[in-house]
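A.B. asks: Sequence:
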Amino acid sequence: MPTLQILIFKLLLILACLADTHSYTPPAPINLTTLQYRISELSSLEINGQTNINKFCCSYLDAYDKKSLTYKYDQDYTDIFFEEAKLTMQTHKLDCGKKLINKDMMKTLQADQYPHITLQLKEVKNNRGGDLSKCNEWFELMAVADITITCHTNTYEFPIRLKKLDLHTLRVSGTTSLQLCDYEIDAPTAMLGLIKVKDKLDINFDLHIEVI
Numbered sequence: 456m457p458t459l460q461i462l463i464f465k466l467l468l469i470l471a472c473l474a475d476t477h478s479y480t481p482p483a484p485i486n487l488t489t490l491q492y493r494i495s496e497l498s499s500l501e502i503n504g505q506t507n508i509n510k511f512c513c514s515y516l517d518a519y520d521k522k523s524l525t526y527k528y529d530q531d532y533t534d535i536f537f538e539e540a541k542l543t544m545q546t547h548k549l550d551c552g553k554k555l556i557n558k559d560m561m562k563t564l565q566a567d568q569y570p571h572i573t574l575q576l577k578e579v580k581n582n583r584g585g586d587l588s589k590c591n592e593w594f595e596l597m598a599v600a601d602i603t604i605t606c607h608t609n610t611y612e613f614p615i616r617l618k619k620l621d622l623h624t625l626r627v628s629g630t631t632s633l634q635l636c637d638y639e640i641d642a643p644t645a646m647l648g649l650i651k652v653k654d655k656l657d658i659n660f661d662l663h664i665e666v667i
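Counting from 1, position 208 in the sequence shown corresponds to residue 663 in the working numbering; the numbering is continuous, with no gaps.
Among the hints, a few may not be true.
Calculated pairs, BS3-like style, for lysine-lysine (alpha carbon to alpha carbon, straight line, at most 27 Å) [claimed, not checked]: (1) K653 / K554; (2) K510 / K548; (3) K580 / K521; (4) K553 / K651; (5) K562 / K541.
Beta-carbon label-pair distances, calculated as ranges [said to hold, decoys possible]: (6) K580 / T525: 17 to 25 Å; (7) K541 / K580: 18 to 26 Å; (8) K618 / N503: 16 to 24 Å.
Quick caveat, the hints were computed from the structure, so don't treat them as lab data. Beta carbons: idealized from backbone N, C-alpha and C, even for Gly.
Please put together the full structure from these sequences, using the hints given.
C.D. replies: Structure below.
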């Protein structure tokens, strides 16, 4: 299969990126395939939030290990479904720039009890059609993924953009948001409640994905 289409599957793996809870029943897929990939050091992932008085930004600083995933096409070769496509991130590797903010974030995400944030890619939808092997310009897709934070999992559908950089590298970017309350997480407060983090977190990702 085209190298570019292979690259597409790995794109959703980071991200911790979400929008509206979504349920779906995929058609019977075919052509089971497994591949290996890595996310290069050129990639970035940021979680942006706001309090009632200012803004904050947390970056994911850990290196990404080589991973593998298993996927298959639907009957029309337009959508892709995944059986093994999980990305696990270490919660303690989020750096918000200040020790107090880091401490509050780790407490909010219950990092000691739940040290990982997990994204399980389920599906990539090519709703607009077009030949993915020719996406030398930005190409728009929809992703479906399960996101697990603490012990709670939600399914989301959200837009992504990708661009072919060379025969083995794909750039994937997007911005989306999640609600802490969706994971039964209380927004943290400081100074006896005078400062409170808003429930919404925005996630920005810009990934350089290499097929090995």
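A.B. asks: Would you mind marking each hint as holding or not holding in the structure?
C.D. replies: Structure-based check of all given hints:
no.	hint	verdict
1	K653 / K554	holds, 19 Å
2	K510 / K548	holds, 20 Å
3	K580 / K521	holds, 25 Å
4	K553 / K651	holds, 16 Å
5	K562 / K541	holds, 24 Å
6	K580 / T525: 17 to 25 Å	holds, 18 Å
7	K541 / K580: 18 to 26 Å	holds, 19 Å
8	K618 / N503: 16 to 24 Å	holds, 23 Å
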